[in-house]
Amino acid sequence: MPRRAVSEHTPCRMRITFRKKDPLKYISHLDLLRAWERILRRAGLPMAYSRGFSPHPRITIAMPLPVGCTGQAEVIDVILDEPLSADEVIASLEPTLPRGISIVAVEQVPHKSPALPSMIRQATYLITLVGVSKKEVEQRVADLMHRDTLQVEFRRKTFDLRPLIGSLALKRTLPRAEHWAHTPGETDVPRAPHDPREAYDPCRYDTTTLEAALLRDKKGRIGRPDVLLKALGLSEYARRIDRVSITFESRQV
Amino acid sequence: MNQFLLDRWLPTVGKPARYTGHEWNAVCKSWADASVRMVLAYPDTYEVGMSNLGVQILYDVVNRHSDALCERTFAPWPDMEATMRARGIPLYALESLRPLSEFDVIGFSLPYELNLTNVLNMLDLAGLPVRATERDDGAPLVIAGGSGACHPEPMADFIDAFVVGEADEAIVEVLAAFHKARESGADKEGILRQLACVPGVYVPRFYEATYTDQGDLKAILPIVAEAQMPVVKRVVDPLPRAPTCLIVPYVQAVHDRGVVEIMRGCTQGCRFCQAGMIYRPLRERSRQDVVQTVREIARSTGYPEIGLVSLSSADHSQIRDIIKEIVTTDRRPSISVTLPSLRPDAFSVKLAQLFGSRGVRGGIRRSGLTFAPEAGSQRLRDVINKKVTEEDVLRAAEAAYANQWQRIKLYFMIGLPTETDEDVAAIVNLVHEVLQIGYKYARKKAQVSVTVSTLVPKPHTPFQWHPLIDDETLRRRQQILKKGLPRRNIRFSYHDAQSTLLEAIVARGDRRLGTAIERAWQAGARFDAWNEHLKWDAWLEAFAAVGIDPETEARRERAKTEVLPWDHISCGISKAYLWREFERATQGQTTPDCREGCTNCGAIELLECRGGR
Numbered sequence: 001m002p003r004r005a006v007s008e009h010t011p012c013r014m015r016i017t018f019r020k021k022d023p024l025k026y027i028s029h030l031d032l033l034r035a036w037e038r039i040l041r042r043a044g045l046p047m048a049y050s051r052g053f054s055p056h057p058r059i060t061i062a063m064p065l066p067v068g069c070t071g072q073a074e075v076i077d078v079i080l081d082e083p084l085s086a087d088e089v090i091a092s093l094e095p096t097l098p099r100g101i102s103i104v105a106v107e108q109v110p111h112k113s114p115a116l117p118s119m120i121r122q123a124t125y126l127i128t129l130v131g132v133s134k135k136e137v138e139q140r141v142a143d144l145m146h147r148d149t150l151q152v153e154f155r156r157k158t159f160d161l162r163p164l165i166g167s168l169a170l171k172r173t174l175p176r177a178e179h180w181a182h183t184p185g186e187t188d189v190p191r192a193p194h195d196p197r198e199a200y201d202p203c204r205y206d207t208t209t210l211e212a213a214l215l216r217d218k219k220g221r222i223g224r225p226d227v228l229l230k231a232l233g234l235s236e237y238a239r240r241i242d243r244v245s246i247t248f249e250s251r252q253v
Numbered sequence: 001m002n003q004f005l006l007d008r009w010l011p012t013v014g015k016p017a018r019y020t021g022h023e024w025n026a027v028c029k030s031w032a033d034a035s036v037r038m039v040l041a042y043p044d045t046y047e048v049g050m051s052n053l054g055v056q057i058l059y060d061v062v063n064r065h066s067d068a069l070c071e072r073t074f075a076p077w078p079d080m081e082a083t084m085r086a087r088g089i090p091l092y093a094l095e096s097l098r099p100l101s102e103f104d105v106i107g108f109s110l111p112y113e114l115n116l117t118n119v120l121n122m123l124d125l126a127g128l129p130v131r132a133t134e135r136d137d138g139a140p141l142v143i144a145g146g147s148g149a150c151h152p153e154p155m156a157d158f159i160d161a162f163v164v165g166e167a168d169e170a171i172v173e174v175l176a177a178f179h180k181a182r183e184s185g186a187d188k189e190g191i192l193r194q195l196a197c198v199p200g201v202y203v204p205r206f207y208e209a210t211y212t213d214q215g216d217l218k219a220i221l222p223i224v225a226e227a228q229m230p231v232v233k234r235v236v237d238p239l240p241r242a243p244t245c246l247i248v249p250y251v252q253a254v255h256d257r258g259v260v261e262i263m264r265g266c267t268q269g270c271r272f273c274q275a276g277m278i279y280r281p282l283r284e285r286s287r288q289d290v291v292q293t294v295r296e297i298a299r300s301t302g303y304p305e306i307g308l309v310s311l312s313s314a315d316h317s318q319i320r321d322i323i324k325e326i327v328t329t330d331r332r333p334s335i336s337v338t339l340p341s342l343r344p345d346a347f348s349v350k351l352a353q354l355f356g357s358r359g360v361r362g363g364i365r366r367s368g369l370t371f372a373p374e375a376g377s378q379r380l381r382d383v384i385n386k387k388v389t390e391e392d393v394l395r396a397a398e399a400a401y402a403n404q405w406q407r408i409k410l411y412f413m414i415g416l417p418t419e420t421d422e423d424v425a426a427i428v429n430l431v432h433e434v435l436q437i438g439y440k441y442a443r444k445k446a447q448v449s450v451t452v453s454t455l456v457p458k459p460h461t462p463f464q465w466h467p468l469i470d471d472e473t474l475r476r477r478q479q480i481l482k483k484g485l486p487r488r489n490i491r492f493s494y495h496d497a498q499s500t501l502l503e504a505i506v507a508r509g510d511r512r513l514g515t516a517i518e519r520a521w522q523a524g525a526r527f528d529a530w531n532e533h534l535k536w537d538a539w540l541e542a543f544a545a546v547g548i549d550p551e552t553e554a555r556r557e558r559a560k561t562e563v564l565p566w567d568h569i570s571c572g573i574s575k576a577y578l579w580r581e582f583e584r585a586t587q588g589q590t591t592p593d594c595r596e597g598c599t600n601c602g603a604i605e606l607l608e609c610r611g612g613r
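Residue numbers (the numbering used here), protein chains in the order written: chain A, 1 to 253; chain B, 1 to 613.
Check the hints yourself; a few may be wrong.
[Stated by the list, open to error] Mimicking PhoX-like on lysine-lysine, the simulated pairs with C-alpha atoms at most 25 Å apart in a straight line are:
hint : chain 1 : residue 1 : chain 2 : residue 2
1    : B       : LYS444    : B       : LYS482
2    : B       : LYS29     : B       : LYS180
3    : A       : LYS21     : B       : LYS180
4    : A       : LYS230    : A       : LYS218
5    : B       : LYS15     : A       : LYS230
6    : B       : LYS218    : B       : LYS575
7    : B       : LYS483    : B       : LYS387
8    : B       : LYS218    : B       : LYS560
9    : B       : LYS575    : B       : LYS387
10   : B       : LYS29     : A       : LYS21
11   : B       : LYS15     : A       : LYS157
12   : B       : LYS483    : B       : LYS444
For the record, the hints were derived by calculation from the structure and aren't laboratory data.
From just these sequences and the hints, can you work out the full model?
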C-alpha cells in the first residue's frame with residue numbers, strides 16, 4: 001500500500017505503458033483520461049493535483065487514440081506527490097484495472113523531462129481490411145506511395161498527408177484470432193427480425209493487413225490512420241485498427 | 001448479438017461507447033447458472049439512465065441473488081436506432097449482448113411522462129409486440145416501476161405488471177413469484193395471477209375501466225380474485241444498505257459522480273411536488289451509515305466527487321456533522337461532496353459558510369449553487385406551501401456571493417393556483433435584488449440564472465384537480481419575465497409550451513391514452529422530452545385519431561367528486577387529505593413541516609402496515 005502521510009517529498013513522475021484493448025476501444029480520449037483518474041484513485045496512489053478552483057489530476061496521455069482503435073503500447077505520465085517504486089505502482093494498479101486495460105511497463109522518469117506529446121516521432125498501426133481484394137489494396141497503396149503530395153481534409157483543415165506517411169505496406173501475417181472472437185458463450189442465433197450475421201462472416205472475404213508508420217512533423221501535425229484510410233478510399237473495409245507502437249525522440253517506449 | 005456485427009456498425013454512430021458496456025463494476029454473470037434473467041430497461045439515453053439511482057439500486061439488489069441475473073439496456077439515440085433497423089440489430093443488453101427477447105423479464109423504469117414513446121420503441125426494437133396482450137407465453141414478461149407506476153393507466157395497454165412504490169424488496173418477490181409460477185408450468189395468464197398476489201403489484205388486465213355515456217371515467221375495478229384493491233405502494237423501512245459498487249460509466253453521465261441516498265421522503269409538504277407526496281414517509285440514513293457508504297463508494301469507484309442525494313438534503317437532521325466528518329477526515333484522497341438543490345434559508349446559509357472557503361478541495365463543489373424559491377411573492381409561496389421568505393432568499397444569496405460563488409441558480413414556477421401577473425412581476429424583483437447583492441461581492445462577474453418552468457399538475461398531489469394554465473395567460477406571463485429579466489448577467493430560460501402541454505395530458509390521462517401513445521410512436525415520436533425531437537404534429541394527429549382534445553384534457557379543472565384514473569392506486573396519502581390541502585392552498589394557508597407534528601396525510605400507516613405483515 002502507498003504511504004498515506006502527506007510528505008514534503010519532491011513529486012515523482014511515473015511513466016506507464018499500457019494496452020487499450022477491445023472492450024474499451026470505443027472510449028474517447030477524454031473518457032479515457034477520466035477513467036485513468038478513477039483507476040489511480042481506486043489504487044490509492046498519491047496523485048498530484050493542479051491548484052485552483054477545480055483541481056485536476058496531473059496526468060498526460062502521450063497521444064490520443066482515435067475512437068474504435070486499440071493500442072498495444074499506449075503511454076501515460078502520472079505525477080505523484082511522493083516517490084514510489086515501479087513495483088509498488090504496479091501492485092496498487094493491478095486490482096483496479098478495468099477489463100480492456102492492462103499494464104505493459106511502469107518506470108520512473110525524471111520529473112523535469114519534456115512533455116510526452118512533444119516527444120512523439122511516429123506511431124505504427126496495423127490495419128485489418130475485410131471485404132476488399134488484396135490486389136485492390138496493393139494497387140491503391142502503390143498509387144498513393146507514388147504521389148509526391150496528398151491533400152486531405154481533417155476537421156475542416158486541408159493539409160498534405162504524404163510527408164506524414166513514413167511507410168505503408170501490406171503485411172503477410174494473419175489477423176490475430178481475438179479479432180473474430182464472439183462473446184463468450186454466444187452460440188445461439190439472435191432472434192432478430194432478420195439475421196444478417198452471415199453477411200459479415202469474415203471467413204467469406206479476403207482479409208488483408210496494412211502496416212502504416214505515421215509521422216509527426218516539426219509543426220506538431222501527426223498522421224492519423226482514419227485520415228489515411230479515407231485517402232486510400234478504404235475506410236469502409238477497415239475492421240480493426242491497432243496502434244502497435246509509439247516512437248519517441250531519443251528512444252522507443 | 002455478435003461483436004463482429006457491432007464492430008462493423010458502431011464506428012458509424014455517435015458516442016459508440018454508450019452501446020458497449022464493460023464499465024467498471026458492471027456485473028457479467030453466467031447466463032447458464034441464472035434461473036431468472038432480467039434486464040433493466042431505461043427509456044432514455046445511456047447518459048441519463050446511468051445517472052438514475054434507481055437503476056443502480058435494482059441492479060445491485062437483483063445481482064446480489066445467486067440465482068438471478070440483471071443486465072441493462074437504454075434507449076438508442078436516433079442514429080443508432082436507424083442503424084439497428086437497417087442492419088437488423090435487435091435491442092440487446094450491455095452485459096451479455098443478448099437480445100432482449102432472450103430474457104425472462106424486462107423491467108422498465110418510468111421516471112417521467114415524456115419518454116413513454118421510448119418504451120414502445122424499445123419493445124419494438126427488441127422484436128416484441130408493443131401491446132401486452134399480443135405478447136404470448138414465449139415472450140419476456142414486461143414489468144415497470146418508478147414514479148410513473150403511481151399513475152400506470154396511460155401505459156396499461158403495454159405493460160404486463162407494474163410495481164407500485166419502492167421496489168428495493170418488491171423486485172425480489174416479483175422475480176421469485178415469477179420463477180415459482182413458471183416452474184409449476186403456468187402460462188402467462190397464470191404467471192400474472194401469481195404476480196398480482198405480490199403486495200404492490202398492479203396487473204392492468206385484471207382491472208376493468210368503465211365509462212359514463214358522456215365518456216367520463218366511471219370506475220376502475222378488479223375482475224379477478226387475485227387483483228388488489230386498492231393497490232398500495234410498497235415502502236421499505238429502514239432504508240436498505242445503499243449500493244456501494246456503483247457502475248462507473250466511461251461516457252460522461254449527466255450526473256458524473258458517486259451517489260448516496262441519505263434519506264427518502266420529504267417533510268416540506270410543497271403542494272405541487274409529486275415526489276414530496278409519493279415518497280412519504282420520511283426515512284433517514286444514519287450519519288455513520290452515510291459516512292461509511294461515502295468512503296466505500298470512493299474506494300470502489302474512484303469517483304472524486306460524491307453526491308448526498310435526497311429530495312431535500314439540507315433537511316437531514318445530521319447533515320452538518322456528515323459533511324464535516326467527510327471533508328475533515330478524508331483528505332487523502334480527498335472527496336468532494338455535492339448537495340442537490342439547497343433550500344434558500346438560514347440553515348443552508350450556514351452550510352454554505354461552513355464549506356465555502358476558497359480553494360479547499362474536499363468541500364462542496366462551487367460550480368453554481370441552486371435555490372428554488374418557486375414563486376416570486378410571499379402570498380403565492382404560501383399557496384404552494386413553500387416555507388421560504390424573501391429574507392431567506394436574500395440571506396442565502398448574500399452568503400453564497402460572500403463565499404466566492406459567482407453564479408446562483410434560481411428555480412421558479414408559473415401557472416400556480418391563484419397566480420396573478422403581480423406574482424410573476426415579483427419574480428423579476430426578487431431576481432434583481434439577488435443580483436444587486438451579487439454585484440456587491442462579485443462586481444461585474446456576478447450572475448444569476450433563472451429557470452422558470454410551468455406547473456404541470458400531477459397525480460397524488462393537492463394540485464391534481466387544478467387545470468394547466470391557459471396558453472394566453474402563460475404567454476403573457478412569460479413576456480413579463482422576458483421583458484423584466486434578460487439584462488446583463490441574468491440568464492433566463494423557460495419551458496417549451498408544447499412539451500408542457502404534452503406532459504400535462506399524459507400525466508393525468510386514463511387508459512384510453514394508450515392508443516394515442518401508440519399512434520404517436522408509430523408516426524415517429526421518440527425522445528419527447530428532448531425539444532429538438534418532440535414531434536408535436538404526430539401527437540396532435542394521434543390525439544385527434546382517438547378523440548382526445550388536448551386543450552380540454554389538460555386545461556380542464558377536475559371536480560372534487562370526479563373519479564380520477566389513479567384512484568385505485570394508493571400512495572398512502574388519503575384523497576381527503578389532498579383535497580384539504582388544495583382548499584388550504586386556495587385560501588393561502590400554509591401547512592407545517594411534518595417534523596413539527598404529523599399533519600395526518602396517512603403515509604405513516606404504510607410503515608405500520610408493513611410491521612404487521
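Going through the hints against the structure:
1. Restraint check for LYS444 of chain B and LYS482 of chain B: satisfied, since their Cα atoms lie roughly 21 Å apart, inside the 25 Å limit.
2. Between LYS29 of chain B and LYS180 of chain B the CA atoms are separated by roughly 21 Å; this keeps the pair inside 25 Å, and the hint holds.
3. For a cut-off of 25 Å, the pair hint linking LYS21 of chain A to LYS180 of chain B is broken: about 42 Å separates their Cα positions.
4. Between LYS230 of chain A and LYS218 of chain A the CA atoms are separated by roughly 24 Å; this keeps the pair inside 25 Å, and the hint holds.
5. For the suggested pair LYS15 of chain B and LYS230 of chain A, the alpha carbons sit about 20 Å apart, so the restraint of at most 25 Å is met.
6. Pair hint LYS218 of chain B plus LYS575 of chain B holds up; C-alpha atoms about 17 Å apart against a cutoff of 25 Å.
7. A C-alpha spacing of about 28 Å is found between LYS483 of chain B and LYS387 of chain B, which places the hinted pair above 25 Å, so the restraint is violated.
8. Pair hint LYS218 of chain B plus LYS560 of chain B holds up; C-alpha atoms about 14 Å apart against a cutoff of 25 Å.
9. About 23 Å separates the Cα atoms of LYS575 of chain B and LYS387 of chain B, which keeps this hinted pair within 25 Å; it holds.
10. Proximity of LYS29 of chain B to LYS21 of chain A is assessed by CA-CA distance (about 21 Å); at most 25 Å being required, the pair is judged to hold.
11. The suggested pairing of LYS15 of chain B with LYS157 of chain A holds, with an alpha-carbon distance near 23 Å, which does not exceed 25 Å.
12. For the proposed pair LYS483 of chain B and LYS444 of chain B, the alpha carbon gap of about 21 Å is at most 25 Å, so the pair holds.
Of the hints listed earlier, those the structure fails to meet are numbers 3, 7, in rising order.
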